[in-house]
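Line by line, the protein sequences give chains A and B. Under the working numbering, the first residue of the first sequence is numbered 18, with each subsequent residue one higher. Under the working numbering, the first residue of the second sequence is numbered 18, with each subsequent residue one higher.
Hints may contain errors.
Since the list gives no way to pick one copy over another, a pair counts as held whenever it fits inside one copy or between any two copies.
Stated by the list, open to error - Straight-line C-alpha distance at most 25 Å; calculated DMTMM-like pairs for lysine to aspartate or glutamate:
1. Lys62 to Asp239
2. Lys389 to Asp19
3. Lys62 to Glu24
4. Lys196 to Asp303
5. Lys71 to Asp42
6. Lys113 to Glu380
7. Lys389 to Glu195
8. Lys62 to Asp47
9. Lys113 to Glu187
10. Lys389 to Glu49
What the hints contain is simulated information worked out from the structure, not anything from laboratory work.
There are 2 protein chains.
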Amino acid sequence: MDLSTAERRFRELWGDIRDLISVGDLLEWDQETQMPAGGVESRAKMVATLEGLKHRALNAPELHEALDTCAESAPEGSLLAAQVRSARLDVDRAVKVPASLTREIAEARVGGLETWRRAREAADFDLFAGHLEKLVELRRQEAAALDPGGNAYDAMLHLFEPGAKEADLEPLFADLREKLTPLVQAVIERAPQVDETPAAGDFPADRQHAFCRRLATAIGFDFDSGRLDLSTHPFCIGIARQDVRMTWRYDPRDFRSAVFGVLHESGHGLYEQGLPADQRGMPVGDAVSLGVHESQSRLWENHVGRSRGFWSWALPHYREAFPDAPEVDVDRMWPLLHTVRPSFIRVEADEATYNLHIAVRFEIERALLARKLEVRDLPEAWDDLYEQLLGIRPENAADGVLQDIHWAQGMFGYFPTYTLGTMAAAQLFAAAGRDLGDLEAMFAAGEFQPLLDWLRENVHRHGSRWQAPELIERATGSPLAADDLLAYLRQTTEEVYGVSE
Amino acid sequence: MDLSTAERRFRELWGDIRDLISVGDLLEWDQETQMPAGGVESRAKMVATLEGLKHRALNAPELHEALDTCAESAPEGSLLAAQVRSARLDVDRAVKVPASLTREIAEARVGGLETWRRAREAADFDLFAGHLEKLVELRRQEAAALDPGGNAYDAMLHLFEPGAKEADLEPLFADLREKLTPLVQAVIERAPQVDETPAAGDFPADRQHAFCRRLATAIGFDFDSGRLDLSTHPFCIGIARQDVRMTWRYDPRDFRSAVFGVLHESGHGLYEQGLPADQRGMPVGDAVSLGVHESQSRLWENHVGRSRGFWSWALPHYREAFPDAPEVDVDRMWPLLHTVRPSFIRVEADEATYNLHIAVRFEIERALLARKLEVRDLPEAWDDLYEQLLGIRPENAADGVLQDIHWAQGMFGYFPTYTLGTMAAAQLFAAAGRDLGDLEAMFAAGEFQPLLDWLRENVHRHGSRWQAPELIERATGSPLAADDLLAYLRQTTEEVYGVSE
């Protein structure tokens, strides 16, 4: 096969695989937002059939042949080489992991999820321990199949953050943890709590919905190519570049949950809508990693949405949407968006302590995969780390080790992408500021397009042309580091609490 | 291959094909009700990929081998024989019709639809004539591929109403037309119009929605296994027995559009929810034909929903839902549900004239397929038939031959299923009344379950175990005929207009 034939064949076959992924995304969105309860059994069957078809397509000899030809002939660093590298992530998984193991993992995930729900309800880790052990063991086997003799945690990371390595993440996370812990401690020990009463009020759902849509539209989310629906857990799914669906939830007594949820998901959505149109249906047309995805959501949620400039612009709209809410001005509003308070539950954590929650999980899941920690010792390790990093010790497993769904779904190596994204958000935002000037002044004038254009140019349009570390370095001029995130957090705690170390 | 192996293989392979069909149904529902406008291009690609996979699955030699073994060994009249017969409908199509022709038809449909929209807007048939000619020609080729030397119209009917034949339908439709035309003429000539002002008022959308849901729930539609959403054109789609989705639309000034639309779709939905659970994923687990489907929607819409008994029960709910609507009692309401008035547009036609609209189309599409009518002579033939059957002559093509989407989608042989269903509804309802006694008294007491149980037992639970003619005869004791429909229409026109002939 010559290169141009191989490339055409690759493109055709991959287009079909990409369609199956899109269909799977739609089924998932539908299940979370629309499907009647009775549909669950037939839906599981539909999903399994699609998975089987995708697996078969990834195992097709003609695809492998086309990929091999492309790999041999594509110049290093070329677009085609990037396509092959990215495609191989999925192909390798389909080829190297035995179908029986894949099925076993799928079943263990279903079982794990159900047991986890019961265990969390009963706040009883022992109920879940057996299932978790099995999931860890199956993932170890999967890692061994993917990279015989390699680092098991790296193989797991690879599924969410291609190119990331435990050895690279370790110093990065250690640096953040080392510098963040004393900052949080200082706030706890020396600072008074912020009076949050102005954030409490009566916020009707339909008005929150209209207000959040207005914010999402203002920052550039295109509702002709997307939607916003209610769901239990907010998420964003890019079925296609022009069919990007976000979900939200709300607290009728506090506007912050919905507003920052929607800004967060809008960040994901803007990334999906900005992926390279000319690469549609090819591997490079997809988002590069969960960490980079999270960098976009965190950037819009935190660096834009929690800024003074943003609220100078947004407050008149806020007052119009919620005429009965407590009167606030920007100076009074701002601290409400930057409170720091150690708490047990990650998803309710503030922007400073959040990364310490992740640090706990990063420590533990690495140790689990490396057999340095036994599942039965997990609760104690968890509680110790919370005490050490956050100064609080969970009183039960539901508020502790059982709080997250991820491990119950057999997802190890997922948590670090949250902190990678948070670091990258700060670093990208700092770089954009250097290029564009006074971003806060733009926000205050309701001008978000320059920032979006910058992200389109430096992040979105590349899809997965470069792996995440290279993408961040190209966009910001330096490798990913914790510095900009720390600087941002120091500045906000200084302003809100008068504490900077 | 022995029979039990063949049967198991057939079941496995068919289960996957059925899943692909369900996924396609979900994509269609989503496109009509949820998809953002921008998603249309990527959606078309997803649909085409799924179609390709389905086509490949239907062409798989192992499926054909399994089917052949089953066909040879299954006793005549057995369940397995019915499975094979039903499966063969889809398999034959995939095998006998060349892929190139299928693709050409799909393209011509897309092109036809777009041209038809423009032609209808301009009320200019000439714009559309070329495309229609092509569609007729392609369908003729398809018919020849499906049944070389056979009757082309039969091959078309087969796609929607398996087992139906032009030669059988012809006398049935002629009988109805012959007896219905003078009845309608008598109403026009001798009867005064019904004063419909009590049906006009202010009907807020949310209250119509709540009222319609209440009606659908009362007659037995299970919302734990279904939904009701807004769309431009109401439809019902059974993604799975426990995931049945209906849509509706409303007129803010007249409650009848929404109420009878939802009762109609609920009839479809009850059928889908009542299909045999133990045949899920097998051909017999699906609805047998469009005609039988329509019999269920028409039965609940007309024979239940337009009855005095129903409104004796429903009126208190109606008054509660629409406290500001004009005051009516059952005697005043009833004629509003049975007005007869010849009009140009089929979808707005009353229950008596509706079948004459279908008669026009049945005449014309048979003549087109048989080359007895040229596309260029279509408008005149159409207008002549309207004058002959309904006493009115369309003033332009938009109100005439261009009004329906069906031919633009290349669907010939579809229209008769509407009248087949309407006849079957009357015949089934009469049979149910003989078995169950005073249905009107039950409806007045809000008791719809006995009728639903009867339909479950005599229609729904059989899926496509028997073809439509046999199913109707088994359920009612006689072959399908126009008599019960005519008796019903005579009775209502007698009561409303004092006209019975």
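Checking against the hints above, which ones are violated? 2, 4, 6, 9 and 10
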